[in-house]
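Student: Sequence:
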Amino acid sequence: MSARDETPHTVLKKLGQKKCNGSWDASTENMTIQQIIEVSETKKDKLTGATQKARALEVMGTCVSMRVNIEGMHPKEAIAAVKNGDYDSQFN
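Numbering (this note's numbering), first residue to last: 1 to 92.
Keep in mind that the hints were calculated from the coordinates and are not lab data.
Be a bit skeptical, because a hint or two may be false.
When the alpha-carbon atoms are kept at most 25 Å apart in a straight line, the in silico BS3-like pairs for lysine-lysine are as follows [claimed, not checked]:
hint	residue 1	residue 2
1	Lys46	Lys18
2	Lys19	Lys44
3	Lys83	Lys46
4	Lys46	Lys76
5	Lys43	Lys19
Cβ pair distances, simulated, as ranges [as the list claims (entries may be wrong)]:
hint	residue 1	residue 2	range
6	Arg4	Asn84	19 to 27 Å
7	Gly85	Glu38	16 to 24 Å
8	Gly16	Ser65	13 to 21 Å
9	Ala50	Ser89	32 to 40 Å
10	Thr28	Gly61	17 to 25 Å
11	Lys13	Val64	17 to 25 Å
12	Ser65	Glu38	13 to 21 Å
13	Thr51	Asn21	16 to 24 Å
14	Ala26	Thr51	17 to 25 Å
Just so you know, these numbers come straight off a predicted model, no measurement behind them.
Glycine included, each C-beta is placed from N, C-alpha and C at the ideal position.
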């Protein structure tokens, strides 16, 4: 398996970046929920989540370690918002 086949690489491609800056203080990378869903659908066969929402949460977990914000929020806050149902209208 190639590193180019992993979720972090797919996230970087969606962001149009070669790498993230790795700092929360200087974090400029931001993804929308729609971009997260697109990445989760691209990686559908490699992720373990049974639903689109579960797969999106997996991608959001990757964003935590990559220091990529989601909808302008820290990824853990965005994960809580998705679990709370704030973005349910965007999932199938």
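Student: Next, verify each hint and record whether it holds.
Tutor: Each hint, compared with the structure:
| no. | hint | verdict |
| --- | --- | --- |
| 1 | Lys46 to Lys18 | holds, 22 Å |
| 2 | Lys19 to Lys44 | holds, 23 Å |
| 3 | Lys83 to Lys46 | holds, 22 Å |
| 4 | Lys46 to Lys76 | holds, 22 Å |
| 5 | Lys43 to Lys19 | holds, 19 Å |
| 6 | Arg4 to Asn84: 19 to 27 Å | violated, 34 Å |
| 7 | Gly85 to Glu38: 16 to 24 Å | holds, 21 Å |
| 8 | Gly16 to Ser65: 13 to 21 Å | holds, 19 Å |
| 9 | Ala50 to Ser89: 32 to 40 Å | violated, 20 Å |
| 10 | Thr28 to Gly61: 17 to 25 Å | holds, 20 Å |
| 11 | Lys13 to Val64: 17 to 25 Å | holds, 19 Å |
| 12 | Ser65 to Glu38: 13 to 21 Å | holds, 19 Å |
| 13 | Thr51 to Asn21: 16 to 24 Å | violated, 32 Å |
| 14 | Ala26 to Thr51: 17 to 25 Å | violated, 34 Å |
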